[in-house]
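In order, the protein sequence lines correspond to chains G and R. Quick note on numbering: the first sequence equals residues 47 to 208 in this note's numbering. Quick note on numbering: the second sequence equals residues 190 to 372 in this note's numbering.
In case anyone wonders, no lab produced these hints; they're calculated from the structure. Quick reminder that beta carbons are idealized off the backbone N, C-alpha and C, glycines included. It cannot be assumed that every hint is accurate.
[To be verified] Pulled from the structure, derived: some chain R residues nowhere near chain G, Cβ distances all over 10 Å:
(1) Glu215
(2) Ala261
(3) Leu357
(4) Lys361
[To be verified] The calculated EDC-like cross-link candidates involving lysine to aspartate or glutamate, where the alpha carbons are at most 16 Å apart (straight line), are:
(5) Lys162/G / Asp174/G
(6) Lys168/G / Asp152/G
(7) Lys82/G / Asp241/R
(8) Lys82/G / Asp223/R
(9) Lys368/R / Glu312/R
(10) Lys359/R / Glu60/G
(11) Lys361/R / Asp56/G
(12) Lys91/G / Glu204/R
(13) Lys253/R / Asp89/G
(14) Lys350/R / Asp56/G
(15) Lys91/G / Asp241/R
[What the hints assert, rightly or not] FRET-style restraints, in silico, Cβ to Cβ:
(16) Glu201/R / Glu78/G: 23 to 31 Å
(17) Arg99/G / Glu319/R: 42 to 50 Å
(18) Glu78/G / Ala261/R: 27 to 35 Å
(19) Leu117/G / Ala261/R: 44 to 52 Å
(20) Asp334/R / Asp89/G: 31 to 39 Å
(21) Arg96/G / Leu335/R: 36 to 44 Å
(22) Ala261/R / Val154/G: 57 to 65 Å
(23) Glu65/G / Glu201/R: 15 to 23 Å
(24) Arg96/G / Glu258/R: 13 to 21 Å
(25) Ala113/G / Glu319/R: 56 to 64 Å
(26) Gly256/R / Leu118/G: 30 to 38 Å
(27) Gln367/R / Asp89/G: 48 to 56 Å
(28) Asp334/R / Glu65/G: 13 to 21 Å
(29) Cys120/G / Arg260/R: 56 to 64 Å
Chain residues, written in single-letter form:
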Amino acid sequence: MKTTDNNEIDTALEQQLSEALKGQSDGANIAERVDKAVLAMADAKATQIRNARKIRATCVWRWSAAAAAMLLICAGLSLTLMQERIGEKGRLVHTTSQTDRTSPGDIVDVYILASKLAAGEKLSLEYDYNKDGNVDSADVNELARRAVSIEPTKVGKKAGHV
Amino acid sequence: MNDQAARRSDGELVEAANQGDRSAFEELYHRYRDWVFTVARRFSGNEDDACDVLQETFFYFFNKFPGFELRAQLKTFLYPVAKHMALNRSKKAAQTVPLAPEFDRILPDMPRDEQAERRELLEFVRILPEAQREVVMLRFADGLDLSEIAVTMGIPIGTVKSRLHQALAKLKENLQRQKQKKN
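Using the sequences and the accompanying hints, generate a full structural model.
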């Protein structure tokens, strides 16, 4: 019973406090110069943010254009290199490393061999990498395996160069 | 102030202000202007200083844009800024800050008995220890809940609860003693 009375007193007191203390901000006598200064600052800040956003948007556009240009240049270079590897008339060409047989050939060699087989071109047994007497898709797989193999290549031995 | 701005929540206004929307800045100012002024007056002791603190508080607040994130009620951000600026100003001026000066303001029209009772209550709040009085003001004058008071003052919620409990107990005791005297 006493606790209930206390709770009622607390609630009443809290109510009294709210009523007495709320509304204390009524009649705030704020000088006009303050409103003007703050609103001018708000205006300046908003303008600054909008200008910064415009500049940022321009920068993003410029960076995108630069990235696109770089991609185009890279794509062009890749095509040129690929053509050099394939040769003007689509013939297989050995690069320096392939000529001296010190590397196992790479994925471009695999791609070129696969393309030629897909086009129905007849290739010499020089490209019979798995030594089964035929040049077919099994040789493409064998060349691919060698291209990604971590085993060291024996220098001077034919090792998958197209 | 247009209708669209009036409908926007604080979070939406902050978001818009981050995008450079001038009306959002203005609406935030008009929404919290009087309250910040009251807090500033509470700590600085006079209206002239409170005006300067109001201006400085909003300059500080607006300079947080863009990039300001609203994680709690905006009052929890504005209160400590206004409080510290007001106290610094008072220290610089070597003023003696009166306790909760808004209590001296004229009370609204009401019967004499009620007015006397209210004056007594305000007087008892005025003589509370500063830490307890601050919690009472934040709770009942500014309408913050306990967790918001804890964030605003940078103290644990348990401390807020105990300060509020002690303040209410003291007020209750003083009011009862006053009643007994009258009887």
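Results of checking the hints against the structure:
1. Glu215: violated (6 Å)
2. Ala261: For Ala261/R, whose nearest Cβ neighbour in chain G is about 20 Å away, the distance exceeds 10 Å, so it holds.
3. Leu357: violated (6 Å)
4. Lys361: At roughly 6 Å from the nearest Cβ of chain G, Lys361/R sits no farther out than 10 Å, so the non-interface label is violated.
5. Lys162/G / Asp174/G: Roughly 14 Å separates the two Cα atoms, so the pair holds.
6. Lys168/G / Asp152/G: violated (21 Å)
7. Lys82/G / Asp241/R: Holds, at about 12 Å.
8. Lys82/G / Asp223/R: Status holds; Cα separation ~15 Å.
9. Lys368/R / Glu312/R: holds (15 Å)
10. Lys359/R / Glu60/G: holds (13 Å)
11. Lys361/R / Asp56/G: Roughly 8 Å separates the two Cα atoms, so the pair holds.
12. Lys91/G / Glu204/R: With Cα atoms ~14 Å apart, Lys91/G and Glu204/R stay inside 16 Å; holds.
13. Lys253/R / Asp89/G: Between Lys253/R and Asp89/G the Cα gap is close to 14 Å, so the pair holds against 16 Å.
14. Lys350/R / Asp56/G: holds (14 Å)
15. Lys91/G / Asp241/R: The hint is violated at about 19 Å.
16. Glu201/R / Glu78/G: 23 to 31 Å: The hint (23 to 31 Å, Cβ to Cβ) holds, given that Glu201/R and Glu78/G are roughly 28 Å apart.
17. Arg99/G / Glu319/R: 42 to 50 Å: holds (45 Å)
18. Glu78/G / Ala261/R: 27 to 35 Å: holds (32 Å)
19. Leu117/G / Ala261/R: 44 to 52 Å: Given about 46 Å between the Cβ atoms, the range holds.
20. Asp334/R / Asp89/G: 31 to 39 Å: holds (34 Å)
21. Arg96/G / Leu335/R: 36 to 44 Å: The hint (36 to 44 Å, Cβ to Cβ) holds, given that Arg96/G and Leu335/R are roughly 40 Å apart.
22. Ala261/R / Val154/G: 57 to 65 Å: At 60 Å between Cβs, range holds.
23. Glu65/G / Glu201/R: 15 to 23 Å: Given about 31 Å between the Cβ atoms, the range is violated.
24. Arg96/G / Glu258/R: 13 to 21 Å: holds (20 Å)
25. Ala113/G / Glu319/R: 56 to 64 Å: holds (60 Å)
26. Gly256/R / Leu118/G: 30 to 38 Å: With a Cβ separation near 36 Å, Gly256/R and Leu118/G satisfy 30 to 38 Å, so the hint holds.
27. Gln367/R / Asp89/G: 48 to 56 Å: Since the Cβ atoms of Gln367/R and Asp89/G sit about 52 Å apart, the hinted range of 48 to 56 Å holds.
28. Asp334/R / Glu65/G: 13 to 21 Å: holds (18 Å)
29. Cys120/G / Arg260/R: 56 to 64 Å: Violated, since Cys120/G and Arg260/R (Cβ atoms, about 44 Å apart) do not stay within the stated range.
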